[in-house]
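Engineer: Here the sequence shown stands for residues 1 to 373, numbered as in this note's numbering.
Some clues are possibly wrong.
Unchecked claim - With a Cα cut of at most 25 Å, we get these calculated SDA-like pairs of lysine to any residue:
no.	residue 1	residue 2
1	LYS102	TYR82
2	LYS102	ALA341
3	LYS158	ASP54
Stated by the list, open to error - Quick list of simulated restraints, FRET-style, between CB atoms:
no.	residue 1	residue 2	range
4	ASP159	PHE284	46 to 54 Å
5	LEU36	ARG314	42 to 50 Å
6	PRO307	GLY273	41 to 49 Å
7	ALA113	ASN275	18 to 26 Å
8	LEU36	PRO331	54 to 62 Å
No wet-lab data here; the hints were simulated from the structure.
No experiment lies behind these values; they were computed from the predicted model shown.
Glycine included, every Cβ here is placed at the ideal spot set by N, Cα and C.
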Amino acid sequence: MEILENVSAWIPVLLVVDFVATSWIVCHSLVTTYILPASREVPLWTVRSPLSSDLVTAWALLGMYFFVLFHTLGCLASLWVYSYRIVHQGYRIPKGAILRQKIVMQSLPDAAAARHWFDLGFRPNTCHHCLQTADFEGGEGLGSFLDRMYHGKTNKGKDLGCIALFDHYCWWLWCPVSLQTQKSYLLFTVWILVFHLFSLGVLCWPMVSFGTRWPYPPAIVATTSFPFVFFWVKKAPFRAQWINQGLRNQTHSETARYVRNLPQQAWPMGIAGPNGFEHVVVSFNPWDLGTMGNLRAVLGDSIWEWPFFWRIPRRVREFGTHADWDLPFGPRWAQFMEDRALVIPDGISLAPPPLALRHDSSRRRRGWTSEDS
């Protein structure tokens, strides 16, 4: 396992080499085999007759290749930019975030501990790691803390502090998977597959092109396809990441704390009501917005912006800025709060209605209506 981790830790470097080598092979295949020979025979600016189908296909494939390459590299570059900021500068909450206590907040599983920190003016989900390093006497407190922020470390043990929706540190992409990097991370797992499949398709195209022989030895094709095979045969849980983060709106940290190895899910929440702090535990994810709602939260409100890494989801920009919650709650939590409001508080009993009101016949005899006072 240690050997595999050491090798996998250099995957970003291998990826850069792979992109350069694959781009050279694909461009050489299309440009030198089709585009340049055609332009030498008849310059493009003098062509009056329709271009050959092979030449048109070559130009189309070249354009599509650079489109796929741009989005694949863009996702990776976005991951590294955010990762550099988080690792070297720390995670920063949006400037408009409201840090005070709110009506509904995430809570610690221990009700007594959650109530203790709430009474002191902190959030009831205070981080244990931050408590150990905080210097209250020296004026260094816990810092800014919102819902669904979890403590993170790199694979080498570097402390990253608390990060919004921290899932895990991806040591073979050199990035912490969290609220800011979640979209680029998930998209990269798709674009890298599309990139290698499309590259292989371009190299295989001469085999089906009429009158064209296979221009490259099998070793080159095998070299080009190696990263694709490595990524998807290697035990990389891409499917599980999409299901957990994309479809369920749930991080690895939350799965380990509130779901895994429990008889049923146990999500602790805190409600600040008129009678003080109330600790509740629900058997569902309060932030589960449904399949489409979760995908829109992770990838963007519009389906048309899902494939593009530069389209930042709204919840990344608005994290913590709402007056009543840090992240939108799902319909099940809304129903829970509605049902909870209908529950009769302790100490209040309902007396039975007068005898005359229990029978419709009595009402009819007296002629009562809803307007009687």
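Engineer: If a hint holds in the structure, say so; if it does not, say that too.
Structural biologist: Results for each hint:
A threshold of 25 Å between alpha carbons decides the hint, and for LYS102 with TYR82 the separation of about 28 Å lies outside it, so the pair is violated. The straight-line distance between the Cα atoms of LYS102 and ALA341 is roughly 18 Å, inside the 25 Å bound, and the hint therefore holds. Of the supplied pair hints, the one linking LYS158 and ASP54 is violated, its CA atoms being roughly 54 Å apart against a limit of 25 Å. The beta-carbon spacing between ASP159 and PHE284, approximately 32 Å, falls outside the hinted interval of 46 to 54 Å.
Roughly 47 Å separates the CB atoms of LEU36 and ARG314, a value that falls within the hinted 42 to 50 Å. Judged by the Cβ atoms, the range 41 to 49 Å given for PRO307 and GLY273 holds: they are separated by roughly 43 Å. Checked against the hint of 18 to 26 Å, the pair ALA113 and ASN275 passes, with Cβ atoms roughly 20 Å apart. One distance hint, 54 to 62 Å for the beta-carbon pair LEU36 and PRO331, holds here, with the actual separation near 59 Å.
In this structure, the earlier hints numbered 1, 3, 4 are contradicted, and the remaining ones agree with it.
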